[in-house]
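Asks: Just need the whole structure built from these sequences, with the hints factored in.
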Amino acid sequence: MRLLSKFVLTLVLIVVISLTTLIGLLHTRYNEHIFNFILAQVSPYQIFAKKIDYDIRTPYKIRFEHAEITQHEQVLVHADSIQLWLSKQSITNDKLVFNGVKINNITSANMPLLATLPPLTIKRLVLNNTNINTPQFAIKHGLIQMDNWQTPTDNTPWWQSFNGSLQMSAASIKWHQLALQQLLINANKQAQQWHLNGISAHWQQATITAQALFNNDSRRLTIDQLTLNKFHLQDQQLLTDWQQQFTQRTVPFKTINIKRLDIINSSIELPQWGADDINLSLENWQWPQNYWQQQNSHLSFSASHAKWHQINFEQPLAELEFMPQQIISHGMSAHIMEGFVRVDGWIDPQQLFISDLKASGIKWFLGKNWLQTWQQWQHKYTDVIFKKLNINNSQITSPTSTVPFQLAGIDIDAQDAVLKQNNQWGLWQGQVEANLGFGSINQVVINQAIATMYSNAGQWQLDKLVLPFNHGMLKARARIALDDPQRPWQLTMIGDTIPAQILSQWLSLPLSLTGAIDTQIKLNGQAGNRSDFNGHLNGTAQADFRQLALNNITPQQLFSHWQQPHISAFNPTETASQLPLTATPLTLTAQDGAIELQPLQVTAKDLTLNINSHWNLTDIKQQQLKLELAAGCQHLTRQWDQGVSTVTVGSSCTGKTKYVPVNVDATALPH
Numbered sequence: 001m002r003l004l005s006k007f008v009l010t011l012v013l014i015v016v017i018s019l020t021t022l023i024g025l026l027h028t029r030y031n032e033h034i035f036n037f038i039l040a041q042v043s044p045y046q047i048f049a050k051k052i053d054y055d056i057r058t059p060y061k062i063r064f065e066h067a068e069i070t071q072h073e074q075v076l077v078h079a080d081s082i083q084l085w086l087s088k089q090s091i092t093n094d095k096l097v098f099n100g101v102k103i104n105n106i107t108s109a110n111m112p113l114l115a116t117l118p119p120l121t122i123k124r125l126v127l128n129n130t131n132i133n134t135p136q137f138a139i140k141h142g143l144i145q146m147d148n149w150q151t152p153t154d155n156t157p158w159w160q161s162f163n164g165s166l167q168m169s170a171a172s173i174k175w176h177q178l179a180l181q182q183l184l185i186n187a188n189k190q191a192q193q194w195h196l197n198g199i200s201a202h203w204q205q206a207t208i209t210a211q212a213l214f215n216n217d218s219r220r221l222t223i224d225q226l227t228l229n230k231f232h233l234q235d236q237q238l239l240t241d242w243q244q245q246f247t248q249r250t251v252p253f254k255t256i257n258i259k260r261l262d263i264i265n266s267s268i269e270l271p272q273w274g275a276d277d278i279n280l281s282l283e284n285w286q287w288p289q290n291y292w293q294q295q296n297s298h299l300s301f302s303a304s305h306a307k308w309h310q311i312n313f314e315q316p317l318a319e320l321e322f323m324p325q326q327i328i329s330h331g332m333s334a335h336i337m338e339g340f341v342r343v344d345g346w347i348d349p350q351q352l353f354i355s356d357l358k359a360s361g362i363k364w365f366l367g368k369n370w371l372q373t374w375q376q377w378q379h380k381y382t383d384v385i386f387k388k389l390n391i392n393n394s395q396i397t398s399p400t401s402t403v404p405f406q407l408a409g410i411d412i413d414a415q416d417a418v419l420k421q422n423n424q425w426g427l428w429q430g431q432v433e434a435n436l437g438f439g440s441i442n443q444v445v446i447n448q449a450i451a452t453m454y455s456n457a458g459q460w461q462l463d464k465l466v467l468p469f470n471h472g473m474l475k476a477r478a479r480i481a482l483d484d485p486q487r488p489w490q491l492t493m494i495g496d497t498i499p500a501q502i503l504s505q506w507l508s509l510p511l512s513l514t515g516a517i518d519t520q521i522k523l524n525g526q527a528g529n530r531s532d533f534n535g536h537l538n539g540t541a542q543a544d545f546r547q548l549a550l551n552n553i554t555p556q557q558l559f560s561h562w563q564q565p566h567i568s569a570f571n572p573t574e575t576a577s578q579l580p581l582t583a584t585p586l587t588l589t590a591q592d593g594a595i596e597l598q599p600l601q602v603t604a605k606d607l608t609l610n611i612n613s614h615w616n617l618t619d620i621k622q623q624q625l626k627l628e629l630a631a632g633c634q635h636l637t638r639q640w641d642q643g644v645s646t647v648t649v650g651s652s653c654t655g656k657t658k659y660v661p662v663n664v665d666a667t668a669l670p671h
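Numbering (the numbering used here), first residue to last: 1 to 671.
No false leads were mixed into what you were given.
Computed list of lysine-lysine pairs in DSSO-like fashion (alpha-carbon distance at most 27 Å, straight line):
no. : residue 1 : residue 2
1   : Lys420    : Lys358
2   : Lys475    : Lys464
3   : Lys380    : Lys420
Keep in mind that the hints were calculated from the coordinates and are not lab data.
Replies: So, in structure tokens, the structure goes:
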């Protein structure tokens with residue numbers, strides 16, 4: 001027993017002497033070697049400092065002045081000072097615990113991963129005036145404070161290895177391509193759940209504020225509120241870079257739920273679109289779902305000015321609601337094209353429904369490719385419906401079309417109008433009334449035109465069409481049964497003193513005429529398909545010609561033009577020359593697609609034209625058209641017979657005759 005007592009006493013004395021010696025050495029210039037020796041036993045890092053402060057009166061606190069943390073003789077971190085507060089728990093527990101660690105004026109170009117540290121816990125970690133510059137991450141004058149920091153695991157960055165509160169501020173920060181200034185973050189992290197209670201920063205001259213929640217396990221990000229104030233963008237390449245970065249950085253996220261996004265007092269100016277004084281609010285938007293997959297999302301938008309391609313909008317407003325497979329407009333309006341437009345309605349992937357559209361004072365100049373643009377747009381929808389449509393005092397101009405036109409003083413009223421159904425255009429239901437104050441179609445003037453039509457269950461009837469010309473008028477009535485697959489139709493037209501220019505300028509006939517035409521046309525048939533039309537065309541057409549004249553073209557020019565393999569519409573020169581003509585009446589009958597044209601003769605001084613035709617739309621072997629033209633001593637015979645076109649040219653002046661076979665121009669002939 002006495003021997004055991006001596007052994008214990010001796011052991012206690014050794015421990016006391018060792019501790020006393022160790023504490024004594026910590027107060028000498030050898031303290032740095034002692035710390036590095038201890039650190040080398042548990043990690044690959046070493047600390048070098050110009051001065052180490054330790055006081056026995058505060059045994060759990062130590063301070064390193066002008067310290068460097070190295071690994072394999074490479075400096076990883078430099079700091080003006082490092083302060084450590086060891087917890088009393090470290091004496092009784094196997095795990096190293098610090099009540100606090102504070103690093104002042106830290107700089108690093110190669111921030112260590114810290115995953116090789118021994119298991120330790122820092123109840124309060126403070127990085128003051130932090131300056132880190134790596135290829136992926138840079139921070140200037142940053143203050144980072146986090147609770148319960150622990151040694152990171154292999155797959156966890158050092159800045160995520162904590163549980164508790166996080167406060168952060170920085171003069172500037174850059175993460176990949178995202179650069180922020182005056183950043184402030186107040187957050188809390190518990191296990192894999194991040195609560196971002198407040199974020200604010202300056203970005204692209206804008207002020208950003210946000211609140212969010214992120215679950216690292218489910219990879220779901222919920223943005224409770226995100227506001228951009230005075231955001232400005234003018235660089236298309238910068239936007240492209242952001243989009244690429246967004247695509248790359250959102251890979252870790254399965255979903256992003258934006259409860260509210262506000263963009264206020266902002267502007268965007270890009271080559272294809274832009275807007276000034278933007279105020280936008282977006283609620284309940286889900287990513288990566290597209291706009292057809294949203295669940296009760298709302299978008300409000302206003303701006304002082306906006307541009308899309310070449311169209312300018314003044315004071316645009318929009319209130320949109322996004323539902324599954326549906327986008328609803330609760331009010332879209334703008335001053336556009338010197339007028340005003342407002343539209344309410346909805347669209348889905350196949351249907352366009354307009355509940356109310358009002359347009360007034362619009363002056364629309366159609367571009368060169370407007371027809372292709374129209375085809376692409378309308379092809380999206382199988383059904384187009386206008387519950388209410390009202391267009392007042394508007395204008396459409398197309399100077400570059402094949403048939404240039406200008407329509408002014410347009411007034412259109414439509415009620416319950418189904419204009420496209422099952423991918424077929426037509427008035428399937430409802431009524432439409434249209435008025436035109438002035439029109440010029442390829443230099444043929446129309447004044448005060450009127451059209452009224454209605455339809456019930458697919459029975460479309462053109463009740464009245466009146467086209468008043470300067471000295472004449474064309475009236476028409478028609479009907480077609482759209483609900484019948486064969487589409488039976490009827491057409492009646494009466495023309496009084498119709499300008500003869502429409503033959504060349506509207507119908508592209510290769511004969512430039514002036515004068516007047518009186519006509520009566522009654523036709524009927526079927527329009528279910530091309531074959532139905534060709535086989536069921538019936539009716540008559542009669543026309544009387546008055547005061548005819550060959551306009552701005554001489555008989556010799558006409559003769560030369562008609563020798564060409566493909567006769568096209570003639571563009572007369574501005575010679576202001578006219579040659580009076582006399583024409584016999586035109587009489588045409590159609591019976592089940594067989595069209596008989598009574599011989600037609602046009603005569604003038606030094607010009608005679610005879611036309612004979614028998615044309616069956618259903619049988620190419622019964623398609624014959626003969627045109628004989630005599631101009632002075634020259635004569636030309638052009639004949640279409642069973643799909644072959646031939647031209648014979650002769651001259652009584654020389655006695656020579658030339659026969660020229662020509663492939664038929666199928667696009668120029670009726671079928």
